[in-house]
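Chemist: Each chain is listed here by its residues.
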Amino acid sequence: MSRTVYDLIGLAAGIAFILALKGLSHPKTARRGNLIGAFGAGLATLVVFFYSNENSSLPLNNLGWILGAIAIGLVIGVPAARKVQMTQMPQLVALFNGVGGGAAALVAIVEYLNLGAKASTPVVVFTVFTVIVGCVSFSGSIITFMKLQELMTTRPVIFPAGRFIIAATLASVLGVGGWVVTALGTTPLLILAGLSLLFGILFVLPVGGADVPIVISLLNAFTGLTVAASGYVLDSTLLIIAGTLVGASGTILTRLMAEAMGRSLFGTLFGAFTAKPQDVAAAGEERPVRSGSPDDVAILLNYARRVVIVPGFGLAVAQAQHTVRELADLMISKGIDVAYGVHPVAGRMPGHMNVLLAEANVPYDQLQEMDEVNPTFGQTDVAIVIGANDVVNPAAQTTPGCPIYGMPILEVNNAANIIFLKRSMRPGFAGIENELLYDPKTMLLFGDAKASLTKVVSALKAL
Amino acid sequence: MEPMAIVSIFVLSVFVGFEVVSKVSSTLHTPLMSGANAIHGVILVGAIIVADHSKTNLELGLSVAAIILATINMVGGFVVTDRMLEMFKGNKK
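Chains as they are written, first to last, in the working numbering: chain D, -2 to 460; chain P, 4 to 96.
In short, the hints are calculated from the structure, not lab data. Model, not experiment: these values are computed from the prediction. Built from N, CA and C at the ideal position, the CB exists for glycine as well. Be careful, since some hints might not be right.
[To be verified] Dumping the calculated EDC-like pairs for lysine to aspartate or glutamate here, alpha-carbon to alpha-carbon at most 16 Å:
no., chain 1, residue 1, chain 2, residue 2
1, D, 19, P, 22
2, D, 438, D, 408
3, D, 80, P, 85
4, D, 452, D, 256
5, D, 331, D, 256
6, D, 447, D, 323
7, D, 80, P, 89
8, D, 25, P, 85
9, D, 458, D, 256
10, P, 26, D, 256
11, D, 452, D, 323
12, D, 458, D, 326
13, D, 25, P, 89
14, D, 438, D, 378
15, D, 452, D, 293
16, D, 458, D, 293
17, D, 80, D, 356
18, D, 458, D, 292
[Unchecked claim] Over the 12 Å line for every Cβ pair with chain P, so calculated as not near, a few chain D residues:
no., residue
19, 5
20, 62
21, 111
22, 119
23, 121
24, 155
25, 198
26, 287
27, 291
28, 300
29, 373
30, 375
31, 432
32, 436
33, 448
[What the hints assert, rightly or not] Examples of chain D residues lying across from chain P (beta carbon under 8 Å, computed):
no., residue
34, 89
35, 94
36, 99
37, 171
38, 229
39, 403
Isolated chain D, as found in the complex (with noise of 0.2 Å):
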């Protein structure tokens, strides 16, 4: 195949990503965009084997190890990806995006030995930047991971003099990706690879849980950058175009999922640095809440005229969408008007919660955003918050200081009547007390969230 061929179907793949990312950004193509996506990622794959020229003839050298190793990440990737459960669906996006990363830093390094002292100057800076960046996202997003399959704690991570740590790592990083351009060699690139690694560590582990989804959209957009340097170093349009657009458009993403939780994307990678650590709200310290059974909670829904739902990460977690859904019908069929106050962040990541309650088949019209449920809560008689926490939270109003202040909420509080469906009194994944949970006007019911939910339906059905 000549040159001329082979850029040519380099240039559609490019084609593809674009017109994959605008398919993504609307819900009616969305699912097409990433057909189209993943139609292009798969030619671009296929061309390479076909495509030779004065550095490489056919068939490819170590062809067996590369379709081998294909293999293997089949073997691995699609099964993850098929039987994810949805609940832990942003936990896996962090890894694939991390092993990308680890990818594009292995190929930097690879053509870099290979090229030993022919590497030009600019191509050694690039492939120290590759390296850099590549290594930070695979490390960063490693503790993303282990952040939201709770292997590890879940808020801010400050050790003492962390800032000093972080900044000397910073520097020591930059200083050895200089020592590479100067003085080229294959130790330095590895030590400059190892203290990458570290500095991702370091990078990720004062972020508070909450801000973890904007994290990751931002080591996706890293790693699209070493992609596009990968490029470069491999004189790939291809992979220049693709990890370009990745970069910019997950930069736009970042931002807009930070506007959506009332985060500045400055305070979220640097809060760390100023934020004093926690409170940690008096553990141990019995305050009065008011616990109901079923029955209570059956009763005051049936004199109800306006009910919301308020579905958060715990609703996922006990796989209850679908005892919702028919508690919801119930209410529905008593004349009552139910509707689903769904924030923006419900869930671990933007979207999340309107992805787990699309697979429960809740009518769609029944979804409601932030903006569009807020001024109703005043005319709610009664809000139902099943596993949700931080995002009704008022702290995020009322007290600034605390991690989540300034992040906009569901006003729950503006409803007559207030029922938290709870586990235990832990609190939510950002790690805040919610003083909501004392007011007088809140009624606890402990349990396992399908459970509870049976209960009252059969109890309201009683009635």
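Since chain D is already given, all that's left is putting chain P on it; use the hints.
Modeler: Coordinates of chain P only, in the frame set by chain D:
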């Protein structure tokens, strides 16, 4: 490649990337991130190229690792995005 050509490709791609996603509802943030994530899996192409160039065992070993990781990124990314979007179908109206 000409440096100026590379700069042009880069700058134009940045603008296209900004433009295509500038208005997107929060409902689609997660699938969009996941889809973009799958797209950078094309680093697989780069991994295959360096595997072809590899002359030492070290280079080949690292390339094979890169291919495995890139394949997971690309294929897994598109599959999981499709699963997410599948949930939306049917109840849009």
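Chemist: Does each hint hold? Answer for all of them.
Modeler: Outcome of the hint check:
Restraint check: the Cα-Cα separation between residue 19/D and residue 22/P comes to about 9 Å, which is no more than 16 Å; the hinted pair holds. Of the supplied pair hints, the one linking residue 438/D and residue 408/D holds, its CA atoms being roughly 14 Å apart against a limit of 16 Å. Taking the CA atoms of residue 80/D and residue 85/P, the gap is about 13 Å. The hint holds against a cut of 16 Å. Proximity of residue 452/D to residue 256/D is assessed by CA-CA distance (about 39 Å); at most 16 Å being required, the pair is judged violated.
With a C-alpha separation of about 39 Å, the suggested pairing of residue 331/D with residue 256/D is violated against the 16 Å cut-off. Proximity of residue 447/D to residue 323/D is assessed by CA-CA distance (about 11 Å); at most 16 Å being required, the pair is judged to hold. As the CA atoms of residue 80/D and residue 89/P are separated by approximately 14 Å, the hinted pair is consistent with the 16 Å bound. Among the hinted pairs, residue 25/D with residue 85/P is consistent with the structure: their alpha-carbon atoms are about 13 Å apart, no more than 16 Å.
Among the hinted pairs, residue 458/D with residue 256/D is inconsistent with the structure: their alpha-carbon atoms are about 42 Å apart, more than 16 Å. Taking the CA atoms of residue 26/P and residue 256/D, the gap is near 13 Å; set against the 16 Å cutoff, the hint holds. Of the supplied pair hints, the one linking residue 452/D and residue 323/D holds, its CA atoms being roughly 12 Å apart against a limit of 16 Å. The suggested pairing of residue 458/D with residue 326/D holds, with an alpha-carbon distance near 11 Å, which does not exceed 16 Å.
Simply put, residue 25/D and residue 89/P have alpha-carbon atoms about 11 Å apart, close enough for the 16 Å limit, and the pair holds. Proposed proximity of residue 438/D and residue 378/D is supported: the alpha carbons are some 11 Å apart, at most 16 Å. A C-alpha spacing of about 11 Å is found between residue 452/D and residue 293/D, which places the hinted pair at or below 16 Å, so the restraint holds. The suggested pairing of residue 458/D with residue 293/D holds, with an alpha-carbon distance near 13 Å, which does not exceed 16 Å.
For the proposed pair residue 80/D and residue 356/D, the alpha carbon gap of about 15 Å is at most 16 Å, so the pair holds. Distance restraint check for residue 458/D and residue 292/D: the Cα-Cα separation of roughly 11 Å lies within the 16 Å cut-off, and the hinted pair is therefore satisfied. With 12 Å as the threshold on Cβ separation, the claim that residue 5/D sits away from chain P holds: the shortest Cβ distance comes to roughly 15 Å. Against the 12 Å criterion, residue 62/D falls within the reach of chain P, whose nearest CB is about 6 Å from its own CB.
With 12 Å as the threshold on Cβ separation, the claim that residue 111/D sits away from chain P is violated: the shortest Cβ distance comes to roughly 5 Å. The beta carbon of residue 119/D is not kept farther than 12 Å from every beta carbon of chain P, the shortest such distance being approximately 8 Å. With a least beta-carbon separation of about 15 Å from chain P, residue 121/D lies farther than 12 Å from that chain, consistent with its non-interface assignment. Listed as outside the interface, residue 155/D is consistent with that label: its C-beta sits roughly 27 Å from the nearest C-beta of chain P, beyond the 12 Å cut-off.
Its beta-carbon lying about 18 Å from the closest one in chain P, residue 198/D satisfies the requirement of being farther than 12 Å from that chain. For residue 287/D, the non-interface assignment is confirmed: its Cβ lies about 33 Å from the closest Cβ of chain P, beyond the 12 Å cut-off. Separation of residue 291/D from chain P is adequate, the least Cβ-Cβ distance of about 29 Å exceeding the 12 Å criterion. Against chain P, the non-interface label of residue 300/D holds: every CB pair exceeds 12 Å, the least being about 30 Å.
Distance check on residue 373/D: its Cβ is at least 19 Å (rounded) from any Cβ of chain P, clearing the 12 Å threshold; non-interface status holds. With a closest Cβ-Cβ approach of about 24 Å to chain P, residue 375/D is found to remain outside the 12 Å limit, as its non-interface label requires. A cut-off of 12 Å between C-beta atoms confirms that residue 432/D is not in contact with chain P; the least separation is 26 Å. No beta-carbon of chain P is positioned within 12 Å of the beta-carbon of residue 436/D; the least distance is around 28 Å.
Annotated as non-interface, residue 448/D keeps its C-beta farther than 12 Å from every C-beta of chain P; the closest such distance is 25 Å. Checking residue 89/D against chain P by beta carbon gives a least distance of about 6 Å; that is within 8 Å, so the hint holds. Given the 8 Å rule on beta carbons, the hint for residue 94/D holds: about 5 Å separates it from the nearest Cβ of chain P. Contact between residue 99/D and chain P, as hinted, is supported at the beta carbon level, the nearest pair being about 5 Å apart and thus within 8 Å.
Interface restraint check for residue 171/D: the shortest CB-CB distance to chain P comes to about 22 Å, outside 8 Å, so the restraint is violated. With 8 Å as the threshold, the beta carbon of residue 229/D comes within range of chain P, its nearest partner Cβ sitting at about 6 Å, so the hint holds. The beta carbon of residue 403/D comes no nearer than 17 Å to any beta carbon in chain P, farther than 8 Å, and the hint placing it at the interface is violated.
Violated hints, in rising order: 4, 5, 9, 20, 21, 22, 37 and 39; the structure is consistent with all others.
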